[in-house]
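Visitor: Dock the two chains into a complex; use the hints.
Here's the letter readout for the chains.
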Amino acid sequence: MSDPVFVSAFGHSVALDPGPGGFLGADSLWRLREIYEPALAREALPDSGLAVDIGAGFGAFALPFALAFPGWQIRCFEPEEESYAALCRNIDRLGLRGRVQATRAAIVPGARGGRALLRGDREKPGFLAADLPEWQGTGPAQSLPALPPAHVAALTPTLVKFTCPGQEAGLLGALQAAPPRWLIGESWQPVPSTLLAPETRAYVPLAGTPFRLQQGPASGGLRPGLDVVVAMYNSAATIRACVASTLTAGRDDIRALVVDDGSTDSGAEEVRRAFGDDPRVVLLQKVNGGCASARNHGRMASDAAHLAFVDADDTVDPDFFANLLELARYSGAPIVQGSFAPFEDTPHGRLFAEPPEAAAHAGFPRQPFGSAQWYPLPWEAAVTGQPSIWRRVYRRDFLDARDIWFPEHIRAFDDLLFQLVSCQHAGMIPTREDLRYHYRQHAAQDIRAGDERMIYSLEMYRLVLRRAVEEGWPRFDPFAVSFFNTLHWTLETIRPDLAEPFLQGAAELWVLMRKVFGRALDPVDRSVSLPVAFARQRRETEARLAGFADSYAFAYLDSAALHVDMVRASA
Amino acid sequence: MTRITAITTCYREGPLLGPALRSVLAQQGPELEVLLVADGADAATLAEAEGLCDPRLRLLRQANDGLSSARNRALEQARGDWICFLDADDLRPPWALARMLAAAGPAELVLCPGHLSEPDDSLHPFYDRALLDQLAARPSDDPLRRPLAQLSEPQSANKLIRRSLIARHRLRFPNGHFFEDILFHTLAVTHARGLAVSDSPGFTYHRRHGHRQITGGADTRRFDTLAVTRMTLQRVAAEARDPLLRLSVLLSCARLIQWSESVIAHPHRAAFRDMTVAMLALSDPIYRVLPALPEPLAPLAPLHDWLSGLLRDPRLPPHPQEIPHVRPGFRQRLWPQRRA
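Just so you know, the sequences run in chain order A and B.
The end of the first sequence is residue 570 by numbering that gives the first Met the number 0, with every number in the run present.
The end of the second sequence is residue 339 by numbering that gives the first Met the number 0, with every number in the run present.
If we strip away everything but chain B, and leave its shape as in the complex, we get (with noise of 0.2 Å):
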């Protein structure tokens, strides 16, 4: 009986890849089946996964569809209780689903910490540690813990699924799209019944000079962002009733586009705030109701501030149970440091 179905997508990590799926392979204690989705990847990453010779590894190859595609390949293919990702430029400390796994208790989403490897080699906590510890010491009945875990970094080696909450709500990444994590990030903390948080670290998560993430560019890439938020907001509509969800939800996303919207090429940004506010405009009214920020959270007050001013362009039709206050003649700046 599987427990854990670990799942990586390839491209051209190369070298990086071995390291990364041999650190999944060295997890101690539960039983795996490690699903390899190569995404149209070149030789030189294909030889790597074949110099693996481990019965737990599955390879699935496609021609290039996008990490999307790839891991929603690789969840229809799951056979575990749980399931994981990793990224193929990643790596796990060997302890990480274990850990994980006993954190859980009757939990359908596990969390975990995890470090960062920045370029010049140093070594930090994940950017998520400090919300991850406030969500940890709270007790489980707490209504700030699902709002805090919404606010935890939304990628995917973060987390450890069980796979009845993947199949309940269908659980997928957006096909097409980068940026995807948003989207099932928001998905499994809204639908989980039941949360929990590994006290351990369990991944390190690298930035390199010689190997730069595809979302990492200032290209028209950038949109997905707003695509994808699109459809999780579209997702969790009814869920969205509930102001502190929709509170985390819509930070969450916030933060994501503004860090977009801040490296976009200078020739897309004026597109780029006008397409976050059409987005804006085409979701449900209910997000056009930004409730206020509980005090645990005031750290987000900045980006808090922003969304409001988006929220607050005349182009938007007023709520009817809430008239936004609307400044005659004001315009949100089009193109951060320009006149309107």
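Isolated chain A (complex conformation) (with noise of 0.2 Å):
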């Protein structure tokens, strides 16, 4: 026997023999600490029930667990000799015989004949493989005792506590035949959210990563799912390729959502032409009232605990809102992310240009998922890039938290304010730069017309310096980077007879957020690159207020100049 460990947890301590493996010792013990008590602290078991516990080394786990719940029965699974022995030892020291039953053997899909490998790298947790013809491991492999996880399936257990690397979407896809109230435990591999019943409460950590296996949110009765909102306005040539390109073949827990803001084309009749028999695609039509109006509309129609909106004329890689909601249900986060590629049609079919942000998010550190890989993206990078928010997932709860919402009475550019509010407030962003938003560009874009409507982000801007100050933002600066980011491409699109009083418009603006955060704002200043209309301004309004002090007050004044209905009337 080896030097005893004290094992504490589910309030109570036992001493326990931990058998040969010194690595997988303190492993089992970190796990207990970090994921099974706190995962079990926040249930309210019932007085009995049946816990299997797969992997159960020298019995961490499933001693102190039986001690605690001593109307429960458990079963353990261990298919490495020596530990089993040990945790034979440590069941008969603690007279626990007549509860907790072991079994010398791996959980392992497609066990045959009782017989597994085991990898001859004791240094890692044993990472387990079928005895499967194709078995192509190195080094010097083992044979074990293994039963396939139909077998625990077949036992119906209440929880299941599981240590089996690699084989993780092998059981729990078993397991849908009988699933558990409860599962805990770590993860090698990110499993389908999707194996996770509905009425299993699961916390399983995925190595390695700050990711969790989940279902998503579960407060708030909403359906675990993704809506993805298609405000569709005269788009009857795109809408049905966009629709198409949400859905995920054999998930209908993604639908798509798509309104009809009032079209006045054959819209509406493409989409009942093509989907009319998919119960994944909803057709909301509504009087016309504007892309903000229509996402909102959206919005509020929808059940689902997770979001997207999408414009009607875009569309995305095949599976890009199945993986981005994988990524969210993973990462909890309140927004996540793909990349996205702006495209024109020519005559000879889409022509992409370069993802614009590839080479500003070079240096985010790359970290995998699964297969895949991932960065954070930082929301000041997110404020401060181009508006995007189309190729974003956004859990429900975060956007009715916070209150974000479109803007309705703004009729272009609505997504700027959505964009600048939602990022501030999702801290960081994990993000997929291979999973890509195909952005198509035209001549007919809102950000081409070059009217009135440009001066909808001056309104936009101001109010997000309101709500920075009525919500005490930390920082103001990444806005005021956005904001001369946003003056510099409106000028190169702008009309010339409108270039005039925007300048004056957005010079009092940025008069306004100086008396509100001072010269925190000024290492961002970039007004010297603007024609000198806006420094004319600039010096008529600081001395008409030169005799007043700074004031987070001047955030609420406002100008006739930032209001595009004003601009129109005056013109």
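Everything labelled a hint here was simulated from the structure, so no lab data went into it.
Quick reminder that beta carbons are idealized off the backbone N, C-alpha and C, glycines included.
Wrong hints could be hidden among the right ones.
To be verified - Here are some chain B residues pointing at chain A (derived, C-beta under 10 Å):
(1) Gly-28
(2) Gly-104
(3) Pro-105
(4) Ser-116
(5) Glu-117
(6) Ser-121
(7) Pro-266
(8) His-267
Guide: Structure below.
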């Protein structure tokens, strides 16, 4: 017998014989403290039940659990000979034979004849493989007794704790036949979240990542799944391809909500013809109110835990949303996103431009998520980047709790405000570069029209300024960076006669921003590269306010120059 | 004979209340009474409470008068030897109270570690795990035990308090105020004869998107941190002659104030800073002498520096025993990132 280790969990302390595996023993204790105990500390377990412990080791989980829940039966599976022997000794010494049964077996999908293979590397948790003929592993392999996951499912356990590296998907697949009420363990592969039954409470961290296997926000009575809101206005030519690309074969939890915003073309007819029989596509019709109103309408009609908003003339990579939903579920993040690639239609097909942010984001460290990679995008980078709300997946409870909506009276670039506010509150945004949203460029786009609607962006920056003051945002400089970016690209497209009033409004707003946040904004001031009308207006406004101290209350002042309807009226 | 009175107050927690209460009623071991104060609770929350049939559960109803008032009402009704609190949206594991009781010995106050459940559903040790580990590792006569306890998170789920301590020192929550815990916490830690720490996690504290705490806002309720701090400093002024205790009380209050200042809406920031200094001006002059940090508390150096800066404000009269270093013309920045 080895030196005993003292295990304290679930309100019980017990000395156990750890068997020979020093590393694996420490590993078991770590999981007990970081995973099993916190996970069960928040659950109300019934007085009796059947717990199955897969990869039980010397009993670090099963035995304190048995002591803490005396009405439960426990079945342990442990393939490794010496750990199994230590487990049996520990069961006997604690007098738990009546309630804790140990079986010397690995749980391996495809296990036949009670044999499996174990890699020879004993410094790592044992990755097992079934005794399949195509086994290509290197190093010495060892025969071990094994049982298929169906054996576990046949026990209909109440709770399953598992440590079976690499076999998690097979195990969960088999458990679909008899979903346990509780599922805890560490996973070494991202098991599809769709394998989790709705009635199962899971706490399954993904090894080496900050992620967990979960179905999504449990609160609020929302349907686990994603609604992709498609705001459609006279998009008959593109709507079919758009909707089709958002759906994923075999997934009925990813739906498209097509909001027909009073189209005058045959778009609605097109949707009915293409998807009339498809329960995953819902067509909502309303009187015309603009893109913002259509997106909000779709959100209000949705019961899904996750939301996305796409444009009716764009498409996405195959399984774009299925993959993003998985990232959203695993991370639990308020927002996750893919990348985007602008394209133009040419006689020879789509001509894609390089993803505009590839270079800027190259420095963010890539992290593995199964066979894919993701990187954490800081919110400041999202705020200063191009508005691209359509390549993201949002948690509905996050948007509701933060009261983030598309401003309905704003009839162009309404996504700018949404982008700035949602990213400010999101914190880090997990991003997958390999999933691409295809963003159509064409001459009729709002942002190329160059008319009075360009002034909407000014109004939105004032709304952001006010919100920053009221909500006590810690930084405003990223929004000032975004402001100057917007001024510069607007001046490239705005109608020449509107440039001067636009710059005057922008200069007034910049003075207000500086009166609110002071010199903290000076490092991001890019006004020197703007036309002289900006500086002229800025000097004049500053001169008029020279006698007034700075104050947050300047966020509440406004100007006709920031309102499209007033600029139109005075034209 | 009731060993423990478990107190929960509810308001608008709705379906979250049922699991919280059930987690208390399911405690293994000690004999319990559970006092639920419905503090102007809405219908959905009341329905959760009424759906529970357990003779140990007593429901007290009052028109909404605030968490402090509701907890004080329960304190007056409590019959147990020990008292504990749980928020209506949090949970206890079934072993929590038995383990705290087992750790108690002759102590009057038992603290326990806990877990934090984040909006992304990840679970972590509660914020003060490292402090509690340090506290647990020190012998019972170590002078740093009480300061470490004071610096643990000033919330109420982490303690089991002997009713005799509550009665002897009239421990109550400050009526009419949010951020009420710092006062009760300080009184309990300061006056307890004997401190113990449980080795088992005893609660899970939840942060949720859909259910934003009243104390999570950016509005003028944040000023309550100043009011409650003032009363806290008043209540332990005599005990605060002890430098280590004073240091820990000041730092735990400063942590709360600094957090509030960093999240309160910008319109209130200048006034919030002014009122912080005003609150210090109203407090016993002894609090203007901030003892140096002992080595084991070195991670709190940034907070210590911040508080030292506040205490050098020229509007504060110098303390007779020790003239602070007043830099001529120096004034605390009133509004972070602003010219003064």
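Visitor: If a hint holds in the structure, say so; if it does not, say that too.
Guide: Checked hints:
1. Gly-28: holds (9 Å)
2. Gly-104: For Gly-104/B, the interface hint is violated, since the closest Cβ of chain A sits about 16 Å away, which is over 10 Å.
3. Pro-105: violated (21 Å)
4. Ser-116: holds (6 Å)
5. Glu-117: holds (8 Å)
6. Ser-121: holds (6 Å)
7. Pro-266: holds (5 Å)
8. His-267: Holds, because the Cβ-Cβ distance from His-267/B to chain A comes to roughly 8 Å (cut-off 10 Å).
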